[in-house]
Amino acid sequence: MGRYETVIGLEVHAQLATQSKLFCSCSNRFGDEPNVNVCAVCSGMPGVLPVLNEKAVEYACKMAMAIDCAINERSIFARKNYFYPDLPKGYQISQFETPLAERGKVRITVGAAEKVIGVTRIHLEDDAGKLIHSPAENVSRVDLNRSGTPLIEIVSEPDLRGAEEAVAYLKELRAILVYLGICDGNMEEGSFRCDANVSLRPAGQEQFGTRAELKNMNSFRHVQKAIEYEVARQADLLDDGEQVIQETRLYDADKGVTVSMRGKEQAHDYRYFPDPDLPPIVVAKEKLAALRAGLPELPRAKRERFVADCGIPAQDALVLTQEKELADYFEAALAAGADPKKAANWIMTEFLRELNQAGLAPGAAKMTPEKLAALIKLIDSGAISGKIGKQIFPDLFTSGDDPGAYVAAKGLAQISDASALEAAVDAALAESQAEVAAFKGGKTKLMGFFVGLVMKKTKGQANPGLVNELLAKKLG
Amino acid sequence: MKITPERVAAVAKLARLTFTAEELTRFAAQIGDILAYMDMLNSLDTTGVEPLYSPAGLAGPTGATRPDQARQANSRSETLANAPATDGEFFLVPRVV
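Going down the list, the protein sequences come from chains W and E. Residue numbers for the first sequence follow my numbering, beginning at 11 and rising by one. Residue numbers for the second sequence follow my numbering, beginning at 156 and rising by one.
None of these hints come from the bench; they were simulated from the model. Ideal Cβ positions, reconstructed from N, Cα and C, are used throughout, including at glycine. Check the hints yourself; a few may be wrong.
To be verified - Pulled from the structure, derived: some chain E residues nowhere near chain W, Cβ distances all over 10 Å:
{"id": "1", "residue": "Lys157"}
{"id": "2", "residue": "Ile158"}
{"id": "3", "residue": "Pro160"}
{"id": "4", "residue": "Ala167"}
{"id": "5", "residue": "Ala170"}
{"id": "6", "residue": "Thr175"}
{"id": "7", "residue": "Glu177"}
{"id": "8", "residue": "Glu178"}
{"id": "9", "residue": "Arg181"}
{"id": "10", "residue": "Met193"}
{"id": "11", "residue": "Ser198"}
{"id": "12", "residue": "Leu199"}
{"id": "13", "residue": "Gly203"}
{"id": "14", "residue": "Thr234"}
Unchecked claim - Derived DEER-like restraints, expressed as beta-carbon distance ranges:
{"id": "15", "chain 1": "E", "residue 1": "Glu161", "chain 2": "W", "residue 2": "His143", "range": "43 to 51 Å"}
{"id": "16", "chain 1": "E", "residue 1": "Arg226", "chain 2": "W", "residue 2": "Arg13", "range": "56 to 64 Å"}
{"id": "17", "chain 1": "W", "residue 1": "Asn148", "chain 2": "E", "residue 2": "Arg221", "range": "36 to 44 Å"}
Next up, chain W with everything else stripped away, as it sits in the complex:
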């Protein structure tokens, strides 16, 4: 594949977490009964007047600031005209010539490398309704609850050079949106969606090849797979001397392929024109200053702080900061007195595993950060062994029991009393005469065998250091 360079630009649609829609006061809640949050404006009745949601503008400005975009003093809304049953107005209200913000950048980390991805623009627009197609009947059902809900579209420069970079960029954007509290970032529910423009060009060539636009990818894994498939498909075409057709292709997650989407939008002629119903967006300088002053700590800053202050590796910091709730959990565990490196390890292995199995968000886990800190302290103090800690972790996670009380109730405390361990050590040596002889004959590797035997006899509760010490004394 080295003969071609992959060129990717991404268009991300993020649903803003406002209370109401972009141009009317209908609720922006997800998951309601169909068509309950619909009014004359968002159902496209004639003669209505859209009025812009102030909060949506603020949220869009926050994102613009977070990724270093220049916010235009004045930006205008435009109508993007097309007919489809999920679009009752017959046009989407979007921004065309003058978007809200332009020329931003997102820093991403792929493996050990850092890269800056350019952002062309951020603009505000309203979303379409939802169509439900029934295979059995000859109808489609239209739900307008989503019609008119606020989106920002974030368009990247064609700076991405592969699926891995594309996913890293998306994860970073999503993390920023969630940290800002302006989008819930839920890809499955469609509040964070992405279209990918993918093309190949012969290595060393400056001019871009013909691109295909990929849609319908609702997880990071889908994005990765769809791009990988598309890159291979285009490389095959070019190898055979064929042309890539500029078209929209849908990702089929079941088959793992991209399929040409004929019809609907092939003839792009949206006849954009400025929307006469809406005045330009003008955000006062004082308001921008206040928004900027109120920006929270963003993922990158948090990551750098974790590395600098907690001494954890950059890769661990990346994992811990990708979900804001997980970063909050980590910090709460530290506040409860847990050692940073140990807390990071427990969270990234045991905690994340149980969390994913249970399908929970970090904040919803019964095992609170304080309880995790308590567990780590039990191990640090030698009250239980690390091995026991791992064994009881799933139980503690599910029950939310206090680790100290749990250990006491189950009698799992580590045996650190030499007199209590001596019997087990003696018994172990007594039943392995042959090994003892071999050890004394120079096979010192057998030490591990003896330790294991003592551990077995004490159900893993023996203090390993002490066992070693006792064995050394008795065999010496």
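Chain W is fixed; fit chain E onto it per the hints.
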């Protein structure tokens, strides 16, 4: 700009309209006349004049937005009252995929 019947047909298609050949020719002439009037406006020198995209802009930047408060405007039955076809929950349209 010269408007041809073909151009009218293309725009009509985007608007989901069907015209006879006679109509295409007639509308081409009429739309051409309207655009000729625009050409007349274009002959004015507007150098240095900020385009007025919307008369709404004259109201100024204040009061052009609303606070983010949600309220229910209509019940579902009101929303669906004028629908040509509905199952009581959704608008029904001819199947599109």
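Evaluation of the provided hints:
1. Lys157: With a cut-off of 10 Å, E/Lys157 remains clear of chain W, as the shortest Cβ separation is near 19 Å.
2. Ile158: holds, 15 Å
3. Pro160: holds, 17 Å
4. Ala167: Since the minimum Cβ distance to chain W is about 12 Å, E/Ala167 lies beyond 10 Å and the statement holds.
5. Ala170: violated, 8 Å
6. Thr175: Since the minimum Cβ distance to chain W is about 21 Å, E/Thr175 lies beyond 10 Å and the statement holds.
7. Glu177: holds, 25 Å
8. Glu178: Correct as stated: the minimum Cβ-Cβ distance to chain W is 20 Å, above 10 Å.
9. Arg181: At about 22 Å from chain W, E/Arg181 clears the 10 Å cut-off, so the statement holds.
10. Met193: E/Met193 clear of chain W: closest Cβ-Cβ about 13 Å, beyond 10 Å.
11. Ser198: It holds; E/Ser198 is separated from chain W by about 21 Å at its closest Cβ, greater than 10 Å.
12. Leu199: holds, 19 Å
13. Gly203: holds, 16 Å
14. Thr234: E/Thr234 is in fact no farther than 10 Å from some Cβ atom of chain W, at 5 Å.
15. E/Glu161 with W/His143: 43 to 51 Å: With a Cβ separation near 34 Å, E/Glu161 and W/His143 fall outside 43 to 51 Å, so the hint is violated.
16. E/Arg226 with W/Arg13: 56 to 64 Å: For E/Arg226 and W/Arg13 the Cβ distance comes to about 59 Å; the hint holds.
17. W/Asn148 with E/Arg221: 36 to 44 Å: Given range 36 to 44 Å: holds, Cβ gap about 41 Å.
Hint violations for this structure: numbers 5, 14 and 15, all remaining hints satisfied.
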